[in-house]
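Enquirer: So the sequence lines, in the order shown, correspond to chains A and B. With our numbering, the residue at position 267 of the first sequence is 254, and numbering never jumps. With our numbering, the residue at position 187 of the second sequence is 199, and numbering never jumps.
Hints listed in this document are in silico derivations from the structure and should not be mistaken for laboratory results. Do not rely on the hints blindly, as some may be mistaken.
[Stated by the list, open to error] Residues from chain B that face chain A, not an exhaustive set, calculated with beta carbons under 7 Å: (1) Val31; (2) Gly119; (3) Thr126; (4) Val128; (5) Asn234; (6) Val288.
[What the hints assert, rightly or not] Derived pair list, reagent style SDA-like, types lysine to any residue, alpha-carbon separation capped at 25 Å: (7) B/Lys130 - A/Lys110; (8) B/Lys51 - B/Thr72; (9) B/Lys51 - A/Gly74; (10) A/Lys1 - B/Tyr116; (11) A/Lys92 - B/Arg34; (12) A/Lys134 - B/Leu25; (13) A/Lys134 - B/Lys51; (14) A/Lys110 - B/Phe33; (15) A/Lys110 - B/Thr208; (16) A/Lys134 - B/Phe33.
This one's a predicted model, so the numbers in the text were calculated from it and none came from an experiment. Cβ atoms here follow ideal geometry from the backbone N, Cα and C, with glycine treated the same way.
Chain by chain, the residues:
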Amino acid sequence: MIEAQGLTKDYGSKRAVDGLTFTVRPGIVTGFLGPNGSGKSTTMRLILGLDAPTRGDVTVNGRHYRDHTAPLHEVGALLEARSVHTGRSAYNHLLALAQTHGIPKRRVTELIDLVGLHEVARKRTGQFSLGMGQRLGIAASLLGDPKTVMLDEPVNGLDPEGIHWVRNLLKGLAAEGRTVFVSSHLMSEMALTADHLIVIGRGKLIADTSVDDFVARASQKVVLVRSPELERLRKALVGPGVSFADAERGALEVHGLTTEQVGDAAADARIALHELTPHQASLEEAFMNLTRDELEFATETEEAAA
Amino acid sequence: MSAIAQPVRIPRLDATGRVAFRRVLLSEFTKLRSVRSTKWSLVVGFLLTIAFPVIFAFVTRSHWHSMSPGDRRGRHPLDIALAGVNVAQLAIAVLGVLLVSAEYSTGSIRSTFTAVPKRLPVLWAKILDYAVVSLVLTVPAVLMSFFASQAILHNIGRLQISFTQAGVARSVVGGAVYVMLVGIFALAIGAIVRNTAGGIATFAAIFFVLPPLMNILPTSWNNAITQYLPSEAGRQLFSLHHAAHSLTPLAGGLLFVAYCAAAVAIAAVLLVRRDV
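Model the full structure from these sequences, guided by the hints.
Expert: Here it is as structure tokens:
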């Protein structure tokens, strides 16, 4: 369980995280979604107490991270930025972490085998590929058998097999009743893995909702319609809040109306319809729609400031 | 390939322990011994401590017959025996800075503080581990260099000195204590500056640039101030004779310890306060 209350972090005059309030619950995979630079990694550092919040508060399993007497058993974290000494072997990196909690050596070898680093465990991590580094980070996060697992962009640099493995790992961890919090800028990945989503943009909370609701909300009132009389149909549908986008030949994408409204309007005008489909937005589109405002706002203010 | 996803099972951990200082001490020792740069700095420090006195002693012996009486008077057996300390301190200082700064440059400090979020035990453990390792290596090194240089100089009566003579044992072991303290001072600087190049430069400025800079001051000021500089105060730990305008070995040693304590205190405060 992770609980953030009005979490805010300023770096100089730049506000990286802006009043975030959310709860990450156990037993499900919660995706933490946002474009690059939206404050995901900063939020995770605040959760781990690596950075101190400017305002607000965040607790993990009921306490500030710093107040846990055995933090590795509470939270296992993979941070996006590299957090391993490049001159040290994977085995010694994990061993040094394990020793702080009196975790036995066999646990270290067990996890090295689990993430498939057995062959390179004694090599200096500076020679590791991005994917190997990610595997090592995942092993480190699971070392203490933690109640909460927090992974920042875990599939970055992994091959398809590795991505598949991580997906199953996350589902397995959640099924065991753990809190699983995973950040990503890849919506497609979240669609396959997450049950719940926390979406941020420019440090602010945009959505805190289930994946299904998130997609449904973004898909609302987008209708694909096909007709031999597209021009007449377009005139019949014109109204406040309605816009059109050209789809493939002979079809039109209508924004701002439901299938019922489009169908009724066509019937009133006696226009034949060959297709009338509610449009199911992908998570990717849903995300783009929701964050577009934030991004446009960003561009405008930057232009205004320039 | 099976299309059905098999959840990955993580083996459970049967016992859970909490963070304890002795565990952090062990963890930091693992870190100390598992990086090449640390090992090399220690080996180089050890070798320099012995090699310089040996070379110095050989050169003195082979030139003794052709040296002027003034030059001969200028040679002191303890200066020869501890000639390596001044050189070794640089290798040790680099190590001290690296012990902390490398954690920041590689990012491993984030892993470290995630495991030990109270942070301060990490600093104490680093200092204690390093201090013990340093003494275990440098005490034998200075003893070896003392007896080796004395053996090389055995046929020069004026350069023979007994280990049991007043102040000799203290000076020899003092050389090892000085090197240990220099490492602790450098470690604190590494924790304050958090950058390898900056840390080494800061150390060099305090130990190698500041003392000669004092010579631009009027002599009376120079004499009054210089003895209180960290390097000068610390040097008294391994000086046999108490020179004019210098502190006694005890006062100098204590002042140097105080400098180290102050640097460590600043490092501790910043370590807890700053973002990582």
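Enquirer: Against this structure, judge whether each hint is valid.
Expert: We went through each hint and held it up to the structure:
A least Cβ separation of about 6 Å between B/Val31 and chain A falls short of the 7 Å threshold, and the interface hint therefore holds. The interface hint given for B/Gly119 holds, since its Cβ lies 5 Å from the closest Cβ of chain A, which is under the 7 Å cut-off. A hinted interface residue such as B/Thr126 counts as satisfied when its beta carbon comes closer than 7 Å to some beta carbon of chain A; here the least separation is about 6 Å, so the hint holds. Contact between B/Val128 and chain A, as hinted, is supported at the beta carbon level, the nearest pair being about 6 Å apart and thus within 7 Å.
For B/Asn234, the suggested interface contact is broken, since its CB lies about 43 Å from the closest CB of chain A, more than 7 Å. Among the interface hints, the one on B/Val288 holds; its C-beta lies about 4 Å from the nearest C-beta in chain A, closer than the 7 Å criterion. Of the pairs offered as hints, the one joining B/Lys130 and A/Lys110 is violated, with about 30 Å between alpha carbons and a cut-off of 25 Å exceeded. At roughly 32 Å between alpha-carbon atoms, B/Lys51 and B/Thr72 are farther apart than 25 Å, so this suggested pair is violated.
A C-alpha spacing of about 12 Å is found between B/Lys51 and A/Gly74, which places the hinted pair at or below 25 Å, so the restraint holds. Restraint check: the Cα-Cα separation between A/Lys1 and B/Tyr116 comes to about 23 Å, which is no more than 25 Å; the hinted pair holds. Taking the CA atoms of A/Lys92 and B/Arg34, the gap is near 16 Å; set against the 25 Å cutoff, the hint holds. Distance restraint check for A/Lys134 and B/Leu25: the Cα-Cα separation of roughly 12 Å lies within the 25 Å cut-off, and the hinted pair is therefore satisfied.
At most 25 Å may separate the alpha-carbon atoms for a hinted pair to count; A/Lys134 and B/Lys51 exceed this at roughly 37 Å. Among the hinted pairs, A/Lys110 with B/Phe33 is inconsistent with the structure: their alpha-carbon atoms are about 29 Å apart, more than 25 Å. Using a Cα cut-off of 25 Å, the hinted pair A/Lys110 and B/Thr208 holds, with the two alpha carbons roughly 24 Å apart. A distance of roughly 24 Å separates the Cα atoms of A/Lys134 and B/Phe33; the hinted pair therefore holds under the 25 Å criterion.
Taken one by one, the earlier hints fail for this structure at numbers 5, 7, 8, 13, 14, listed in ascending order.
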